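First to last, the protein sequences are chains A and B. Using my numbering, the letters of the first sequence map in sequence onto residues 1 to 683. Using my numbering, the letters of the second sequence map in sequence onto residues 1 to 683.
Hints listed in this document are in silico derivations from the structure and should not be mistaken for laboratory results. Among the clues, some could well be false.
Since copy identity is lost for identical chains, a pair holds within one copy or between any two.
[Said to hold, decoys possible] Pairs of lysine-lysine, DSSO-like flavour, derived with a Cα cap of 27 Å: (1) Lys368 to Lys156; (2) Lys250 to Lys227; (3) Lys370 to Lys622; (4) Lys300 to Lys285; (5) Lys60 to Lys431; (6) Lys503 to Lys542; (7) Lys485 to Lys227; (8) Lys542 to Lys370; (9) Lys285 to Lys461; (10) Lys158 to Lys117; (11) Lys503 to Lys543; (12) Lys370 to Lys60; (13) Lys426 to Lys285.
It should be emphasised that the depicted structure is a prediction, and the values quoted were computed from it without experimental measurement.
Number of protein chains: 2
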Amino acid sequence: MPASIASMVNNVQRVDDTWRTCTKSNSSGTSNSGGESSKESSRSSTPVLAADRTERLRDKMRRRTESGDHWFSLEFFPPRTASGAVNLVSRFDRMGSGGPLFIDITWHPAGDPGSDKETSSMMIASTAVNYCGLESILHLTCCNQTKEKITGYLSKAKHLGLKNIMALRGDPVGADWEEEEGGFNYATDLVKHIRCEFDDYFDICVAGYPTGHPEADSYDEDLRHLKEKVDAGADFIITQLFFRADTFLKFVRDCRAIGITCPILPGIFPIQGYQSLRQLVKLSKLEVPEEIMRVIEPIKDNDAAIRNYGIEQTVGMCRVLLESGNVPGLHFYTLNREVATMEVLRQLGLWIEDPRRPLPWAVSAHPKRKVEDVRPIFWASRPKSYIYRTQDWDDFPNGRWGNSSSPAFGELNDYYLFYLKSKSSKDALLKMWGEELTSEQSVYEVFTSYIKAQPNCAGHKVMCLPWNDEPLAPETNLMMDELDKVNRRGVLTINSQPTINGKPSDDPIVGWGPPGGYVFQKAYLEFFTSSENVTVLLKVLKKYEPRVNYHIVNVHGQNTTNAHDMQPNAVTWGIFPGREIVQPTVVDPVSFMYWKDEAFALWIEQWAELYDDESPSRMIIKYIHDNYFLVNLVDNDFPLDNCLWQVIDDMFELLDNPPEEQPTEQPVEQPAEESPVEDQSPK
Amino acid sequence: MPASIASMVNNVQRVDDTWRTCTKSNSSGTSNSGGESSKESSRSSTPVLAADRTERLRDKMRRRTESGDHWFSLEFFPPRTASGAVNLVSRFDRMGSGGPLFIDITWHPAGDPGSDKETSSMMIASTAVNYCGLESILHLTCCNQTKEKITGYLSKAKHLGLKNIMALRGDPVGADWEEEEGGFNYATDLVKHIRCEFDDYFDICVAGYPTGHPEADSYDEDLRHLKEKVDAGADFIITQLFFRADTFLKFVRDCRAIGITCPILPGIFPIQGYQSLRQLVKLSKLEVPEEIMRVIEPIKDNDAAIRNYGIEQTVGMCRVLLESGNVPGLHFYTLNREVATMEVLRQLGLWIEDPRRPLPWAVSAHPKRKVEDVRPIFWASRPKSYIYRTQDWDDFPNGRWGNSSSPAFGELNDYYLFYLKSKSSKDALLKMWGEELTSEQSVYEVFTSYIKAQPNCAGHKVMCLPWNDEPLAPETNLMMDELDKVNRRGVLTINSQPTINGKPSDDPIVGWGPPGGYVFQKAYLEFFTSSENVTVLLKVLKKYEPRVNYHIVNVHGQNTTNAHDMQPNAVTWGIFPGREIVQPTVVDPVSFMYWKDEAFALWIEQWAELYDDESPSRMIIKYIHDNYFLVNLVDNDFPLDNCLWQVIDDMFELLDNPPEEQPTEQPVEQPAEESPVEDQSPK
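Put together the whole structure using the sequences plus the hints.
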């Protein structure tokens, strides 16, 4: 947040022309800008996707303003370390669930913000968009930068799927900074440059100062500069923080009075601690009002008390803002913390964990993927990996699988991106997955502990598995007993879904898509199991032709299937009013072979490598990796009860009573000699 | 048939090279041949289409031979007149329902066989393929033809979607015919030419002579010539007719002995009359065996008796052939007649009216349309019109509607092809639709008579309507009572389907697609009705939002809808084992506007024009055309009972009791004064 504030300390000078009249530079390779947004595909758009997914930010804002539906947004700064990045991305997922209209990521000129480092502003914003599905604004400061450098950043942002820029001047380097002829002297110059080079591609946000910019000659002059930024092509304004609702409401009135008509979002800062408040005040040259200091000074060493006060004070101020009718949404400076902001939002009734989903999987916010409406089921628990491995695709299957013959998945050795690393430490993983494994059976116990969400024999809850970063999904929970039973016997399940025969699309557990529709699923079960089990399973599966489709493969790619080589099997679909059918999840035979590599590799990379070389524990995992098969089963008969558990039962039954060993010495139908049970069946 | 026989009278000379070694001519514009069959689309193939639809004929033949599944095929000759063509095309539809593996169309050099005339061999074969969905072989004779001419015919055939050629020499013109250096002297030359110019694009059939070709020096020499034809690139042989099974079986043995390994299909000729038999014998120079002449001579004036004998004799011979194990299928010389051939096939158990359909509509056999798996519902009763109006499309929507924004339907004034003409005469139509109409009500009565399949007031059954060439479909019959009721009151239905919530795909009435699947429908209703009704209907429809989607349009294109402008609504879909979802029928808003033109035009072109200019009858139809609206309704809530009848009932109710006339003088809640009913509710 200090950086965020620093980045707002600028914008002092006027300009004469607007972005509409500028001429494009022809020197850069990025002059093919702007056209993309209007290049509409000739095919019809993906039916169930809410307007949310395809609308640009300014249009969403307008729509929600017109409907009187208040929103919120969240500002974050990039982390310092890789593990900080992993944590921030989980925070995006958690805070994303409350429904922010957008988030924004600040820009730190000193921190290599445009690089490919996992901690850079650029990469964090890209991750938020592509992997967390969040509408995001990337800050960009132009002070002391060449046009080529700025154009390079913008091109990169566009390429990564970023669609919104917060255009800032940034802090001059050195005290003797002077205006540069033709350079970026003010945020207005940056706004013009963006419009000039990228036409209308980006939505542009600029900063507003409710008490005037500290460097401005006067409040009025600062307002005029703000108007210039808007006239240059900015779409909306986010303000610097303030402590009194009146400050902001007067600022809005003054803006409107001089003809600024775009949305103006108040920057809300919940006070979260004494030190951070002091630092902030120093940097922003803002004054904390008497009435606030009077409360805080006496409790300055009590963090909890200050935070509670901050929440109360913020909620009160936000209520006044929202009730004024001049505030369509609130922008929160989170300081990368969750608690205070979430609490404020909950008290305001703005934090809404909407169980409705446009599709059964979380959609990416990259504009290239806006038509994406089908994915293989295999990555259901590893959506970020799927997004990463398909990021170079030019086209996303829309209704059918398309080029499944050459899906060109990213190489396995590329995919260990920072946000795919486990959030747990090696130590925590060893506690969950076993300090020392003694047999395959000890592996089975890890799986059952995970499924039951119960402590393992060492007393530690198993919260994740290499294939499942999160606890079981609610719908999978419905099958907990069956899953538990089969994992105990070495059917190590990593993915499954129950049969669903026409539940309403707003069902809180299994629903997705627009209201008034019906969703369906074919039962699916995916597991690792031994080659001995597979041999017997294949015999059993003969009885279930053609009801059950299977693919069975080992790490070497030895593959057995009764399904068409190339034809995907739709296992999740939805029927909606006035729409085409949507089938967002398929069992695709081709991509299964790519998933197979990933699924087997996770045994080694995430589990075996926790142990010493040559240790028995590592050998056990290695043995499973080398010898087990990955199996997937689909029950095509969705109107009937799921038969896949029966398939596994039949396999156990045949394992327990192999045909050779059937007790032929004992006649099966021999009458019992004990006291005969009374026949209770009606004759 | 005489022409067919005539066209087989050839092939006398040997050749030295095979088609594999020939060099292509570079002079013609058709040298880009052959590649098309291997140019596979990158998208996955349409899921439910049986192998039948994409396999080439020789592969189908091999598959069925290997499975021991006997087949039959049918030969027709082109008609002399346009009305003969209309009749022949209906015969294709009827005889196609018995499941021929293919049909073939003979070539009449004297009759302009390659022209665009509706009676030409080329056009008849094209109609069979494109409009009747029949795998077809076009005969082609080469005698006295230039290579350019032949290449032109072949290119045209390929362009029209024909994939199989029966390569024949044909009859020399004039008695003093001599071999021509480099010309087409024998069928072998034609086979080579086809392979040379079109690579492997066409499947090629050649003629075989069980008793030797009449012009050949010997039976053995004729066999050697046959081998040359096969070596030149023919895929299979159809024989001249014969009268004894032994004749054919010996011929097959002799062919195998000299190394002819391709399928050899016996040409079966059911004797249907004395004259046609005599004529045939004369042309073909075949001898009718003693034992047959002995039976026929005494009954030569009794057509029925001869036909019955022919059936009996043919069935007996075919049984011997099939039981020999050397005959995979039977080829019938139908003489363009139905009865005898169908009866023989029925007795042999080969005539199988398979209710299973790959899709709910009849598929076209054009290779370009092999991926077609979705159509607008509007043309459900006019599939040939739909095929005609979309024949220039390069690409058929596969799963989604694709370019529905510019579907480029053929112009309405183009579409009155001969096979879209009514099969009934003007006189018959007047009897069905009314010699004289007195009011709109008389039109309503025509519709109800059609729906009930009952005679109209003049005592004539109404077998068709301008929008419906055939009697009601079986599934529509399920709704007969409701249809009758609404048509009586001027809701003039032209298309409808009931709700279906997951019936097995092999359901005899509504099933389609591969076995083991489930089919679904949203209820659909399409009708013309007066603007007065529409005004009230729109009020009623407000109550059914968003359950019911509607499009309401008049002849001028004035359009009211609550559906998305561009988004099709899937109204028929199927879920199959191991497959993607298939949605073969949609209500597409864009193509509805094209259908609207056609649907309104049919009032005038097919009905009004039966009457004199300025006659009251014509004025009544014209009035309806000018003032009625075309309405379609979809009930999106397919798991519930169809609500569309309730919508219409509500409309009638509101028409009968408009709000102004509600009986406000009688208080609604007034307690009954009669004996109070005992209160049975639990307190």
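Okay, the hints, checked on the actual structure:
1. When the C-alpha separation of lysine 368 and lysine 156 is checked against a cutoff of 27 Å, the pair qualifies only within one copy, where the shortest distance is 14 Å, while the shortest distance between copies is 42 Å.
2. For the homomeric pair lysine 250 and lysine 227, the shortest alpha-carbon distance inside one copy (16 Å) is at most 27 Å, but the shortest distance between copies (100 Å) is not.
3. Proximity of lysine 370 to lysine 622 under the C-alpha cut-off of 27 Å is found in neither arrangement, the shortest distances being 40 Å within a copy and 48 Å between copies.
4. For the identical chains of this complex, lysine 300 and lysine 285 are intra-copy neighbours only, at 20 Å inside a copy versus 119 Å across copies, given an alpha-carbon limit of 27 Å.
5. Taking the shortest alpha-carbon separations for lysine 60 and lysine 431, neither the intra-copy value of 46 Å nor the inter-copy value of 62 Å comes in at or below 27 Å.
6. Taking identical chains as interchangeable, the C-alpha atoms of lysine 503 and lysine 542 lie at most 27 Å apart only when they sit on different chains, with a minimum of 25 Å there against 31 Å within one chain.
7. For the homomeric pair lysine 485 and lysine 227, neither the shortest alpha-carbon distance inside one copy (67 Å) nor that between copies (67 Å) is at most 27 Å.
8. Taking the shortest Cα distances, lysine 542 and lysine 370 never come within 27 Å of each other, neither inside one copy (41 Å) nor across copies (32 Å).
9. Taking the closest pair of Cα atoms, lysine 285 and lysine 461 never come within 27 Å of each other, the shortest separation being 49 Å inside a single copy and 93 Å across copies.
10. Taking the shortest Cα distances, lysine 158 and lysine 117 sit within 27 Å of each other inside one copy (17 Å), while across copies they are farther apart (58 Å).
11. Within a single copy, lysine 503 and lysine 543 get their C-alpha atoms only as close as 29 Å, which misses the 27 Å cut-off; across copies the closest is 23 Å, which meets it.
12. Taking the closest pair of Cα atoms, lysine 370 and lysine 60 come within 27 Å of each other only inside a single copy of the chain (15 Å); across copies the shortest separation is 42 Å, beyond that limit.
13. For the identical chains of this complex, lysine 426 and lysine 285 are neighbours neither inside a copy (45 Å) nor across copies (94 Å), given an alpha-carbon limit of 27 Å.
Hints 3, 5, 7, 8, 9, 13 from the earlier list are contradicted by this structure; the remaining hints agree with it.
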